[in-house]
Structures are given as structure tokens and as C-alpha cells.
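Asker: Sequence:
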Amino acid sequence: MSRRPRPRPGKDVPAQGVPRPTVSVCRGCCCGTEKIPGVDHAAQLARLRSGLEGAATVRAVECLDACEQGNVIVVQPSAEGRRAGGRPVWLGLVNDEHAEQDIVTWAAAGGPGLADAPDILDLYVFQPSRRVRAGLDG
Numbered sequence: 641m642s643r644r645p646r647p648r649p650g651k652d653v654p655a656q657g658v659p660r661p662t663v664s665v666c667r668g669c670c671c672g673t674e675k676i677p678g679v680d681h682a683a684q685l686a687r688l689r690s691g692l693e694g695a696a697t698v699r700a701v702e703c704l705d706a707c708e709q710g711n712v713i714v715v716q717p718s719a720e721g722r723r724a725g726g727r728p729v730w731l732g733l734v735n736d737e738h739a740e741q742d743i744v745t746w747a748a749a750g751g752p753g754l755a756d757a758p759d760i761l762d763l764y765v766f767q768p769s770r771r772v773r774a775g776l777d778g
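So in the numbering used here, the last one in the sequence shown is 778, and the numbering has no gaps at all.
No lab work stands behind these hints: they were computed from the structure. The beta-carbon is built from N, C-alpha and C at its ideal position, and this holds for glycine as well. Wrong hints could be hidden among the right ones.
[As the list claims (entries may be wrong)] Label pairs and their in silico Cβ distance ranges:
#1 G678 x E720: 36 to 42 Å
#2 R699 x R770: 18 to 24 Å
#3 R771 x S690: 32 to 38 Å
#4 G678 x G725: 33 to 39 Å
#5 D680 x R723: 32 to 38 Å
#6 P677 x G725: 21 to 27 Å
#7 L763 x R727: 14 to 20 Å
#8 A724 x D680: 33 to 39 Å
#9 A700 x I760: 22 to 28 Å
#10 E702 x F766: 16 to 22 Å
#11 A774 x T745: 15 to 21 Å
Input sequences plus hints: build the corresponding full structure.
Answerer: Following this line, the structure appears as C-alpha cells:
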């Protein structure tokens, strides 16, 4: 028996019962701090949460160990998206509102496996080491 909490309607699962993608926003040692100047980090997280309310789970996470790519955001597929072949997508240098809006648009449409990401997000995609990926993807 799994010890994981079951999804709760309104929090982890939208009303129609389809699991939502998860958007993990790094807020560790570099991302989300003054080490990345010129970004209102609290406002960035608030915009993502507001834009994805009811469509995706947005969570702030500790350091994802990809500091050279700060600010880092990982868009993880829903269970349905994973069954359709979606895998977590790591996005780095997400330091402007246009990129945030593209992430919101994509995740709200279903995210990895269910919707194509806007082409511009290809500029932000990076592959962290296998060890780093395992920490979030596991």
C-alpha cells in the first residue's frame, strides 16, 4: 500500500478528475534570490500560481542543483501525460514574464505528453545531470 497521500479534488485534481501537471519552481540557494538580479521572484511565483490555478499544481522547491541555469522551472507531466509519453521538462534562465506566460499557457493546456510546448520554450530547455534529475523525477 502506498504511503503517498491521495489526490484531493480542488488541490491536486481539477473538478473534471484529470490529474494536473506539476510546475516546480526552484527557490533554493540561487534561484529566487538576489543572486539573480532584476527579477521579482515573489511576483514570479505568484504569477505562475495565479495563472495555473485549477490547471496545474505549482510548488516552490528547494535547490534543484542547477544554479548556473537560475531561475529553474521543471514542468512535470500529469499521470495521463506520462502515459502519453510526456517526461519532465527542465527550463532554465526563466527570468522574464514572457517565458512565464508561455509556461502557463503550455501547462494549462495539459503540459508534457498532452500539449506541445510553445516553440520559444526550446530556448530555455536544458538537461541536468542524471543525478540531479533523479532527485526530482524519482
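Asker: Could you run down the list of hints and mark each one as holding or not?
Answerer: Quick rundown of the hints versus the structure:
no.: 1; hint: G678 x E720: 36 to 42 Å; verdict: 37 Å, holds
no.: 2; hint: R699 x R770: 18 to 24 Å; verdict: 22 Å, holds
no.: 3; hint: R771 x S690: 32 to 38 Å; verdict: 33 Å, holds
no.: 4; hint: G678 x G725: 33 to 39 Å; verdict: 37 Å, holds
no.: 5; hint: D680 x R723: 32 to 38 Å; verdict: 37 Å, holds
no.: 6; hint: P677 x G725: 21 to 27 Å; verdict: 38 Å, violated
no.: 7; hint: L763 x R727: 14 to 20 Å; verdict: 19 Å, holds
no.: 8; hint: A724 x D680: 33 to 39 Å; verdict: 35 Å, holds
no.: 9; hint: A700 x I760: 22 to 28 Å; verdict: 24 Å, holds
no.: 10; hint: E702 x F766: 16 to 22 Å; verdict: 19 Å, holds
no.: 11; hint: A774 x T745: 15 to 21 Å; verdict: 29 Å, violated
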